[in-house]
Amino acid sequence: MPRRSFIKKPPDTKSVVLLALVAAVLLVTYIVKPGSFTAGNANQILLVISYLGIMGVGVSFLLISGGIDFAAAAHATCSMLVFTEVTRIAPALPAIIPFLAALAFGALAGAVNAALVEGLSMTSFIATIGMASVWNGVVMWYTKGGTLALANDSIIGLTMAKIGRTPVPWVFVFVAALLAVYSTVLNRTRFGRSVLMIGGNAGAARLAGLNPAKIRTMLYINTGALSAVCGVVFLSLSRAFVPKGLTQNTPELTALTATILGGVSFMGGAGKLSGAFLGIILIQVLSYALQILSLPLWIVTVVNGLLLLIALLTDAIAAKGRYALKSKSHAPKAEQTEM
Amino acid sequence: MEYLEFRNVGKAFPGVVALDGVSFTARAGKVVALLGENGAGKSTLLKILSADIKADTGKVVLSGKELSFSSTAQAINAGISVIYQERQLIPAMSVMENVFIGELPVKNGLVDFNRLFLDTKAIIDKFGLPIDPEATVMSLPVAYQQMVEIMKAYRRDCLVIAFDEPTAPLTDTEIDILFNIIRQLKEAGKIIIYVSHRIREIFQITDEIAVLKDGRLVKTLTTPETDQQELISAMVGRDIGDTYASLDRNGEPGSVVLEVDNLCTDAVDNVSFTLRAGEIVGFAGLVGAGRTEVARAIFGADRILSGEIRLGGGSVRFKTPRDAIKAGIALCPEDRKEQGLVLWASIRDNICMPVLHKLKKLIFLDGAAQDRLTQAAVEKYSIRTPSLWKRALELSGGNQQKVILGRWTSDEVATRVLILDEPTKGIDIGTKAEIYQLVCDFAKRGVGVIFISSELTEVINVADRIIVMHNGHITGEVARQDATEEKVLSLAMLS
Amino acid sequence: MKKKLPLAGALRSKAFTLVVLLVILVALFTVLASVNNTRFFTARTFIGILSDLAVPSFLAIGAGCLIVSGNIDLSQASVGAMAGVILAVGISWWQIPWWGAIVLAIAASAAAGLLNAVIVNELGIAPFVTTLAISSVIKGITMLLSTDPGNILVSSIAFTTPATDAIAAASFGDIPATAIVMVAAFIVYGLMLAKTKLGKSIYLIGCNRVAARLSGLGEKKISYFLFINCSALGGVSGVILSLRSKQGTMLALQSDQFTGVTAAILGGISFSGGSGGMGGAFMGLLVIKTFNKGMMIADSNTYLTFVLSGVLLIAALTMDYVSVRRQRKRAGA
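Protein chains in written order, with the numbering used here: chain Z, 1 to 339; chain L, 340 to 834; chain H, 835 to 1167.
No wet-lab data here; the hints were simulated from the structure.
Straight line, CA to CA, 25 Å or less: simulated PhoX-like cross-link-like pairs of lysine-lysine:
| hint | chain 1 | residue 1 | chain 2 | residue 2 |
| --- | --- | --- | --- | --- |
| 1 | H | Lys-1031 | L | Lys-700 |
| 2 | H | Lys-1029 | L | Lys-665 |
| 3 | Z | Lys-214 | L | Lys-446 |
| 4 | H | Lys-1055 | L | Lys-699 |
| 5 | H | Lys-1029 | L | Lys-729 |
| 6 | H | Lys-1029 | L | Lys-697 |
| 7 | L | Lys-719 | L | Lys-665 |
| 8 | H | Lys-1054 | H | Lys-1029 |
| 9 | L | Lys-665 | H | Lys-1054 |
| 10 | L | Lys-700 | H | Lys-1029 |
| 11 | L | Lys-676 | H | Lys-1163 |
| 12 | L | Lys-676 | H | Lys-1031 |
| 13 | H | Lys-1031 | L | Lys-697 |
| 14 | L | Lys-665 | H | Lys-1031 |
| 15 | Z | Lys-272 | L | Lys-446 |
| 16 | L | Lys-665 | H | Lys-1055 |
| 17 | H | Lys-1127 | Z | Lys-144 |
| 18 | L | Lys-699 | H | Lys-1054 |
| 19 | L | Lys-676 | H | Lys-1055 |
A short list of chain H residues far from chain Z (calculated; beta carbon distances all over 12 Å):
| hint | residue |
| --- | --- |
| 20 | Ala-861 |
| 21 | Arg-873 |
| 22 | Ile-881 |
| 23 | Leu-938 |
| 24 | Asp-999 |
| 25 | Ser-1005 |
| 26 | Ala-1019 |
| 27 | Met-1026 |
| 28 | Gly-1052 |
| 29 | Tyr-1058 |
| 30 | Phe-1059 |
Built from N, CA and C at the ideal position, the CB exists for glycine as well.
Based on the sequences and whatever the hints tell you, model everything.
Right, here's the structure in full:
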């Protein structure tokens, strides 16, 4: 009886490269500023990685299926506002209630995106950019640009726990668990495999009885919901609602760059969540390092743009041949419609 | 016993009858060949079978039950699988997932990869192929990709499996593998339909042959009881002989206008030929023989690897079609709607497109000049339209083709070499005759014409000389006086 | 033979819709304003709207032409901000003459467009992500330019010269000179699109790039031109904004990031390329700005315009979807 071969696959070069890059950045930082390796800094990085990671999981899942969502940060911000407002209206409620409200909002906003893109067949990027503009506008309009205090501080401590006297960002554990769950879904379930299939060749998947529009709709909703979770985590870090606190750093672009750097294809149909997560770690370590080395902000911004371009370029090179099935020198196209 | 019956199936597209009352039956355990030239209706028949398009008349019956599906997915679920050359696979995913797409085995809510592996391996072993179930499809050679497609159909336990030109991209050994699989499928009692141009293969693998011509079923033959001669004569010999005889041709070609020397691209190998002014050179061959690629290379649309092109004696190599047009080369591309016309633009825009820079008054476009030029082309080619402003997509296929021809006819473009790629595809017989005369008119004006066509009768009757291609090479050249369909067909197929 | 341009036909109906919409808006705001005891229907309001239009109009012209050809540029507003900062920094820190600073600002903007064009055309990366990435790079460069010799990031750099002040203040009667330049630009670009070979080529490329290439329209050159043109016009609007406010800031044009794209699509330039024109884009812009102005007069919360800009973009896309579908249906394709 033949067994499934568990022969070692070729090493995942992309992950190795990303890890090496992370190590290199850390090393340079250590050499230039050895004093920066403190628990405080480590916690800070882990926290940022955590909330970006949550958003990244949603964004990369959607990207794998061939969709794109530029409204993730706006959804997160608006969810934060929902959370804040619910706690202000009813401060006595346990934190889970405003959290659920935020989650529901996120899912709803995701559904709106899905309706525009899958229902009205709008181009995904421009529709989601438009919705981002709407939600950010709603936030600015509602708050008039001002900061809102949290009435219920029970979530403030949620992200950090103390073991003995050392604070530990336990939210990172939660994110790691989330990553594990979503990775399992992507790699091991029928649904996850369908996501890869519709991203790889929607036509073939449809012929096999899968429903790309339905699957993508679910993923838009999922991205919205995860953005809401991301928002609540960010809120617990920032300890107050700041309208542009999250969006000013364009985390939706960072998440996109990171996931593509980590091997999720911009054209859909390929990628691993662990790779995407490594991408996020790399970007955050890098941007934190740039800060610690007190490089000016402009370099950080330029680097962000260049990283996105580099990610896209490597992806475009890798994708050659993935989408057009390789054919020998002159395999003809199928005979065209005879009329 | 299971059987698939086409009963009086008819299908018409605007301006052309693609299928006209076709009836035949394919039985389980038999391989039935569908044989015919391009345009004979084979593809239309397959599309009706796979529910890609609906028949106008008649029905398809599977073992007594009439088939009517609203989508191709439904047809597949009902056990009908048509394997096209455009493979319906997911390149970045493993062979096993492609084979079991849509029905991955599940255990405890998770995909059971072990079972998936074993089940796929079992199918692969049955076919005797050296494929790793876990390899990605894109890492496989083309032939094996096609095998994956077949395994998918086999796994679904499809009763009807139709192959559309399956061997076109395959090498001889790969063809042997494919034929072994087809024989196995046959023994397993499947109904197999095999579409091909290649006569040799048809004798190797099929049991019965249905010959189509111009949308009609000409003959059904039992393979062992027929021979190549009978098949070819059944396929060819259409009777519009008068049209060709009455063409007003150019008697004496002039000097050499285009010379191609050892042209190599990604798709063609060492192609050399010459074209005289006022001469029509036909390019015959099967779909995918490399004729289109030769045309595109000359026109500057595809990259040239090596070789030389001389236009009027001077060596040229065009980087873009724009350069080629400036030098007097014109191309009517094979895909009229995707590459030829801007469907949403007016007839006028489509005709004036290459010469806009010459239709200016100061800096603005000269509307009157555009009207004049368009009007001239419309009258000259009797393009039937109520207005110069009608959108190209509202015209019939024949008139669309005339619009593209009209683009290259004005004095402003000064065409020296005209390349026509399948100019009569999907066009009714009457308009075809008009187009032949238009082509001859170009030649009479001293334009060198390259006439690419997959319709044998047409190419050997319109062209002065016929160059035959196979697999990216030129396999022969025949003058019109000596050309017979049999001769050209054997150069194109039996290499 | 009946003369009827199909593209113009569609445009005419769309422009008509926009005119109707505009009339409704004006009526609505007049009523709303009178309820709030302010006035909307005044000459001042309309001159205000006209002068509000000047800056985003150049964005709309550039974006519109690019979208007609089936492309898009999301870096336009960042480029505009950069141009404004270059003007301010050039005059007050680098001490170059005002005209030199303007030329430099617009040349730098054009260079950004060239970069976009190279990446999209030569490397084959989707225009929207390319331009998003370049947008980030441009923002970084703008920050660098806004960093003063003492290494401090200055958020707004004031400048003043007699000439620039005069340009900013120039007007004919009550109508600012920039508004006249804007109208001229709309006319020039409108004529270019509707009447010249270049314009015709842009439409044909937008409808079918492959067929246009095989007919010798030189689609790559035109794509380069349109990207550079789009960024350069972004630079023009940044410069005008800077001249008017007598300062350069890296935060300029943020609220106008998608105004150009929205106006173009609202005005009937289809997002899928190949249709629409400058008249429509102008009307689209007019509707947007009237809407904004009206809301600001009717409601004191100025942040409402942020919501509206998004809502208008989605509305424009929905209208585009509806009209494309209707056309397809009518043509039976």
